[in-house]
Amino acid sequence: MQVFFQTIIGGISLGAIYALVALGFSLVYRTMGLVNFAHGNVVTVGAYLASTFYLTSKLPFALAMFVAIAVTGVIGLVIERVLRPLENRDFDLMLIGTIGFGIVLDALVIMIWGATGRAVPSPVPSAPIDLWGIRIRTYDLVVLAIAAAATVLLVLFLSRTKRGAAMQAVAMDHEAATAVGIHVGRSNAIAFMIGAGLAALAGGLVGPLLYVSPALGGALGIKGFAAAILGGFGSIPGAIVGGIAIGVLDSFTAGHFQGYSELVTFLVFTVIIMIRPTGVFGERTVNRA
Amino acid sequence: MVRLRATAISASVVLALVVAAGCSAPGGDDKKAGDDSGPIKIALVDAQSGQLSSLGAWELKGAKLAVTEWNAAGGINGRQIQLDVFDDQGDPTTGTNLARKIDSEGYIAMLGTAESAVTIAMAPTLKTAEIPNITSGQSPGLVAVGSEFLFLNGPTSTTYDETLAKYIVDQQGIKDIALITNNGSYGKGEHDAFTKALKTRNVTPLVDQVVTADQKDFSAALTTIRQKNPKLIFLGAEEVESGLIVKQARDLGITVPFAGAAPQGTPVFLDTAGAKNAEGTIVSSPYLSNDINEASKKFATAYKAAYNEEAELHGAKAYDGAQILLTALKSSNVASGKPLADAIRGTKYQGLLGSFAFDNTGVGIFATSIGKIENGKLTAASS
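Protein chains in written order, with the numbering used here: chain R, 81 to 369; chain V, -14 to 368.
Keep in mind that the hints were calculated from the coordinates and are not lab data.
Treat the numbers as computed from the prediction; the structure is a model and nothing was measured.
All C-beta atoms, glycine included, are put in the ideal place defined by N, C-alpha and C.
Among the hints, erroneous ones may be present.
From the structure, some residues in chain R lie toward chain V, with a derived Cβ separation under 7 Å [to be verified]:
hint: 1; residue: L94
hint: 2; residue: P165
hint: 3; residue: L173
hint: 4; residue: I190
hint: 5; residue: P208
hint: 6; residue: R217
hint: 7; residue: T218
hint: 8; residue: A299
hint: 9; residue: A334
Isolated chain V (complex conformation) (with noise of 0.2 Å):
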C-alpha cells in the first residue's frame, strides 16, 4: 500500500516536471527582446562566500542602495528594477557558468563582479550574448580583453599605482623600495602597474617578492625584504592576505612603512593586520572618506541608515557603477545589448569617486588620491 502511494506520489511528480518544462520553451526563448512590461532585471554577480565574500558584501550593499532609491523615485519608465544576487564564490569556472546563467534567464545587465579574474573569465560570454557589464575589477587584464560590453566602475591598477609612485617618488623622494606582491590577477595586475610606473622614474626595486594568493606564512619573502633595508614596502594583495603580510611584517621586526592601493583602505585589512600595525600605510583610493563631499556624506548617512555600518571604497563604487548603469537604462529607454552599451559609454556622471566620462576601454575615471593611515583611520595625506 504504501509503495503503491509512493509510485503515484513521484509519477505525480514526473508529470508535474513534464508539464513544467513543456510550458517553458526550450531554447529559442529570447526574453530580453520585446519584454517591456514588468520589472527590469538587473543581475549582481559577486562572491558572497569565501575569502572575497566581504568585497561582494559591500558591493551588494552599494548597488542595493542605488536600486532601492530608483525604485523609490518610482523606478526607469514607471517599471520597476529587480535587482538578482549572485554567488560566483570568487571562482572563475562558477562565474563563467553564472554567465550562461543571466543569459538564459534573459538578464539585461550585469554588476560585478569584484574580482578581475571572475570576470574576464565571464566577458567571453557576457560579449556574445551581448549583455553590459559594470565590474569593480581593477586589473589592466580587464581593459587587455577588449569587450565593448566591459565596464570599470572605478580607475585601473594604472592609475592607482601611477598616483601612488608620484607621490612616494616624486613628492617623498623614497627610492629604496621593496615589492611584495601576489600571483593572482589582481596582485599581478599591481605588480605590472607600479613597477612600470617606477620605471618611467628610473627607480629599480630593492627586492621583488611574489607570493601565492593563498599563502599563509610570508617568513622568508619578509625576511629577504629585511636584509634589503627598504624605506617602503609596496603591498599588492587582497585585504586579508595584505593583513596578515603587514601583521608578520612587524613581528620579524620591520617598521617601516607600507604602501599600496584599495585593498589596504579597507576595514578588513585594518583587522586583520591590526591598527598598531597598519599604522602609516600610504593608500591609493579614488574614495578615501564619507567626509570628501555632500554627495559622499548624503551616500555614507543613506548607507549607515539602511545597513548600520561605515560605508566604504566599494560600496561607494557599488553605488556609482549601478547609478551610471541605472541612468544609461533611463537615458535609452530601458534599451538592451548594444544600445545600451553605447548609453553607457555615453553617460557622464558625477559620481562619489569623481566624474565619470568611458573612453572606448570602458574605463570611466581617471584620477585617485593618496591617503594615510593614521590613528587607525585612513585619512587625506598632506603632500
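Chain R on its own, in the form it takes in the complex (with noise of 0.2 Å):
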C-alpha cells in the first residue's frame, strides 16, 4: 500500500509540470491549429534561464522564475511573428518551421550553457513531509500549487478578459473574427507567448527536481505533448488530466514492467487513443489544416 501511494506521489509531482508543458501546447494548438515542435526546446531555455538567474545572478528563486518567464514570452513572439506570413498560406511549412526554431533553440543553448548541464539545489530546503510512512516533498507541494494558479489564471484569462475572449473567438473560427475586427496575428501572437511563457515555467519548476542540460526539453516535450493528446488536444482541463494521467501512469508502469516501463506507458496510451481517438476532454474544434 506503502509502494502504492508514494509512487502516485511521485507521478503527480512529475505530471504536474507535464500538464504544464501539455497547456502550452494546446493553447498554442486551440488559437492556430498549429502543433508547436519548438515547445520542449522552449522548456530547456526556460529552465537554463531560470537557473542562471537563480544560480549565478542570485536573484530570489521566484523573481529568477519570473525574469526567465519573460524573457521566453519575448522568443515566443519572435517565433510567431517570423512564422506569421505562412499562418493560412503553407501549413507544412509552419509546421517545419516550428521544427527549425527548435533545433536553432537547442543550438543556442548548447553555445551559451555548454552541454554539460547543471544541478540546481532545491529552493525549499525543509525536509519532506512525513504521512503514514508516506514521504511528500515540499517542493512538490510548491510546484503542485504553481501549477494549480496559472491553469486557474489561464481559464480566468480566457473566460473573463477581453483579449481572452477574442483568443477564443479566433479558434472557433479565425475568419468570422477577422470579419467582427479581432486582429488574428496578435491573438497568434499571445498565444505563443504565454505557451512560452508556460513552457518556461514547467521548465524553471522541474530544474531543482531533475538536472538542467540540453536533453531536458526533449524528454518532457515528448511527454507533454502525449498528455495533451491523451487530455483532448486543444483543451485546457485536458492538458491538465492527460499531464498528470501520463505522469501517474509512468511511475506505476516503472514500478510493475521496470525496464520496460516506457514501452508499456506508450502502449497504453496508444490504446486509450485508439478507443478515444479525441482524448478525455476532446471534441477537436479546431481544424484549419
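Join the two chains into one complex using the hints; note that each chain is given alone, in its own frame.
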C-alpha cells in the first residue's frame, strides 16, 4: 500500500510539470491549429534561464522564474512573428518552421551554456513531510500549487478578459473573428507568448527536481505532447488531466515493468488513443489545416 | 538582370563543386597507405552534446593533454599529431556513421567513446577498416565483441564490481544489499557483474530494481527498496541518473549508503545528488584522487593549468589511453592497421590508473581501489 501511494505522489509531482508543458502545446494548438514543435526546446531555454538567474545572478527563485518567463515569452513572440507570413498559406511549412526553431534554440543553448548541464539545488530546503510513512517533498507541493494557480489564471484570462475572449473567438472561427475586427495575428502572438511562458514555468520548476541539460526539454516535450493528446488536444482541462495521467501512468509502469516501463506507458497511451481518438476532453473544434 | 546574375552564380558554384569532386578520386583512394608525411591523424569520438556530454568533455581534455605534450616534445618521428573531435551525441547510430567517416577520411586510430553502447556499435566497422580503437567504456560487452582492434583504457565492470563486492561483503560483512540499475549498456553490465560477484559469495540481493536510462521518477523502485530495509544499495547508472536516484532516495527517507563504480566518483554525480545526500557513498575506482602518486600529481597540475578545473577519473583514463596509443605509434614507427593493433597490445605502460599490460581481450588493467565520499570529497577508504 505504501508503495502504491508513494508511486502516485511521485507520478503527480512530475505529472504537474507535464501538465504545464501540455498547456502550452494546447494553447497554441487551439488558437492556431498548429503544433509548436519548438515547445520542448523552449522548456530547455526556460530551465536554463531560470537556473542562471537563480544560481549565477543570485536572484531569489521566484524572481528568477519571473524573469525567465518574461524572456521566453519574448522568444515566443519572435517565433510567431517569423512564422506569421505563412499563416493560412502554407501550414506544412509552418510546422517545419517550428521544428527549425527548435533546432536553432537547441544549438543556442549549447553555445551559451555548454553541453554539460548543471544541478539546481532545491529552493525549498525543508525536509519532506512524513504522512503515515508516505513522504511528500515540500517542493512538490510548491510545484503543484504554482501549476494550479497558473491554470486558474489562464482559464480566467481566456473566459473573463476581452483579449482572452478574442482568442477564443479566433480559435472557433478565425474568418468570422477577422470579420468582426479581431486581430488574428495578435491573438496568435499572445498564444505563442503565453505558451512559451508556460514552457519556461515548467522548465524552471523542474530544474531543482531533475538536472538542467540540453536534453531536458526533449524528454519533457514528448511526455507533455502525449499528455496534451491524451487529455484532448486543445483542451485546457484536458491538458491538466492528461499531464497528471501520464505522470502517474509512467510512475506505475516503472514500478511494475521496470526496464520496459517506457514501452508499456506508450502502449497504454496508444490503446487509449485508439479507443478515444479525441482524448478525454477532446472535441477537435479547431481544424484549419 | 538579377535573376541572370543568380543563375550565373549558381552555375559557377555547381562548376566548382564538380571540379572539387573530380579532384578527390572516388572510393579506392586509401589515404592510410603510403601517407608518411604530414600530421598523424587520430580521431576522438565522444559525446560533445546530450546527457552524456560531460563524459565526452572530460575525455577530450585528457586525450588532448597527452597529445599536446607529445607535440610539444616534437611529435612522433618528426611528425605532429593531429587530434580531431567528432560528436557521437552518445548515440550508437551516430557512432556507426562516424566510424565510416573516420575510415573514409584516413584516420589511423580512434580514441573513445566513453559510452559502451556506442563503441560496441562502432566496433564491427572499425574492425573491417582495421582501425585500432582505445575506448573508455567498461562494459563486459566490449570484450564480448571479440575485436582485435578494440582496447579498453581501464578495467571492465567485472573488475570494478569484484573489488566492490570484496570490500562490502568480505570486509564489511554487509549482506543485506539492494540493487538499482538501469537497462542501458552500462547499467546492464554493472548489474550482471555485481550480481555475479555477489553470487560467488552466496549473497542474494534483497531486491533487484531495474529502471530505464531516461527515467526521472524513481518513487516506485525506491519505496520497494525501502520496505526491504537493506543495509546498502548498489547503484548502476550514469552520473546524472545516479545523482537523481540518490537525491530522491534521501527525500524518501532512505539513509543507508549507496555503492557503485566510476560514475559515483564524479563531480556531476555529487552536484546532482547534493553533497549531503551523497555522503558515505562507496566508490570502486582505479583513480580515486589526484594525490595518489607523483605521476597523478603531475597530471593534475598540467590538467589544472590547461583547463582551470580539477582533474578526475575520466580525464585520467583518456590521458592513459592516448599515451598508450602514442607510445605504440612511436614503437611501431607510425604503423597502421593490424601492426598498430599489435603494437598497442604489446605496449607495457605505467599509467595513472596503474600498470597496463594488455591481454587478448583488449583489457590492460585489472585492479581498482575503494574510495568513500566524505565531507563532499572522494577519499581512499580505510578497510
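Status of each hint after checking the structure:
no., hint, result
1, L94, "holds, 5 Å"
2, P165, "violated, 21 Å"
3, L173, "violated, 22 Å"
4, I190, "holds, 6 Å"
5, P208, "holds, 5 Å"
6, R217, "holds, 5 Å"
7, T218, "violated, 10 Å"
8, A299, "holds, 6 Å"
9, A334, "holds, 5 Å"
The structure is inconsistent with the numbered hints 2, 3, 7, although it conforms to all the rest.
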